[in-house]
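S.K.: Quick mapping for you: the protein sequence lines, in order, are chains A and B.
Take the first sequence: its position 30, counted from the start at 1, is 30 in this note's numbering, and no numbers get skipped.
Take the second sequence: its position 62, counted from the start at 1, is 1062 in this note's numbering, and no numbers get skipped.
Cross-link-like lysine-lysine pairs, in silico, DSSO-like; alpha carbons within 27 Å at most:
id, chain 1, residue 1, chain 2, residue 2
1, B, Lys1010, B, Lys1071
2, B, Lys1173, A, Lys15
3, A, Lys35, B, Lys1010
4, B, Lys1174, B, Lys1149
5, A, Lys39, B, Lys1071
6, B, Lys1071, A, Lys35
7, A, Lys35, B, Lys1017
Think of the hints as simulated: they come from the structure by calculation, not from any bench.
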Amino acid sequence: MMNEEQYLRSQMGTKNPFRVPEGYFDNFASQLMAKLPEKPCADGAGAERVPVIRHTALVMRLRPLLYAAACLLIAVMSVTVYLNRPGLDVHEQTAAVAAQDPSLSDTYFEEATDYAMIDNYDIYACLASE
Amino acid sequence: MVQLDDQQLKSLLAEEKTQRQGFDLMVRQYSEQLYWQIRRIVLVHEDADDVLQNTFIKAWNGLSGFHGDSKLITWLSRIAINESLDFMRRQKNVATISADDVESGVANQLMADDYFDGDSTEAQLQEAIAKLPEVQRTVFNLRYFDELKYSEISTILGTSEGALKASYHLAVKKITEFFKHRD
Chain A
1 MMNEEQYLRS QMGTKNPFRV PEGYFDNFAS QLMAKLPEKP CADGAGAERV
51 PVIRHTALVM RLRPLLYAAA CLLIAVMSVT VYLNRPGLDV HEQTAAVAAQ
101 DPSLSDTYFE EATDYAMIDN YDIYACLASE
Chain B
1001 MVQLDDQQLK SLLAEEKTQR QGFDLMVRQY SEQLYWQIRR IVLVHEDADD
1051 VLQNTFIKAW NGLSGFHGDS KLITWLSRIA INESLDFMRR QKNVATISAD
1101 DVESGVANQL MADDYFDGDS TEAQLQEAIA KLPEVQRTVF NLRYFDELKY
1151 SEISTILGTS EGALKASYHL AVKKITEFFK HRD
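The shape of chain A in the complex, shown without the other chains (with noise of 0.2 Å):
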């Protein structure tokens, strides 16, 4: 970023290429008294506000959180759409998600069983009966 910056430095500088008009610093202060209430209303407009940029960052840094959690979503009830449909039977859902990929991992099927709603006593009985 160094270079990048001393490059913008070299090429640019940082000289002010904006003016003011003659003695508009010098008039500035007593034009703006002149135009302020005699005392302060009180209405909490001047009250320490950060500028909204850092509820932008907030969520700017939330939203792949967000993302995330919305892909996750929409994985799990596509495979719970898909081990619920009609003809095949809840206790060969497991089987046959097995049998189709062997390297699907323990996590997967621990949550299909739970969205099937089967139990180990289940899967046991299921794999004994075969």
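Could you slot chain B onto chain A? The hints should help.
M.R.: This is chain B only, laid out in the frame that chain A set:
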């Protein structure tokens, strides 16, 4: 003009009898610094003048809300930047042309501005800055032109120094690419 330190100004502002006098001194002491922070965001002198006045009016009405925890210039800078960004958002909402057109016309507008003394390259730099997102634009102006420390910017914007460094890095990168692309 006599320069008072933060504590002296705060003491004057805290007392009802000296509040107006203290505010006048504060305006004289900080108006120029705040003006340039505002001007680099809104670009046009007349708009900067309006925003600066609104900044101090809000500060005056919000004196009871200032608890003295921060420096006066930090508090005023927060208000000024808030007002500047609000002004730019309102301007974008009412623009009759698209936002992209507004930003790409910045260089041309500046070259036609009586209160802009830069050449076309400097106008293009301002155009590149105008295209940045709010965060990067604000951080870039405060760091590159005002040469504020990240700790100072962090206090003004309420953002972590790490996030500010990342924003500044991105801003410098984009502006550099903008110019290299143009070359």
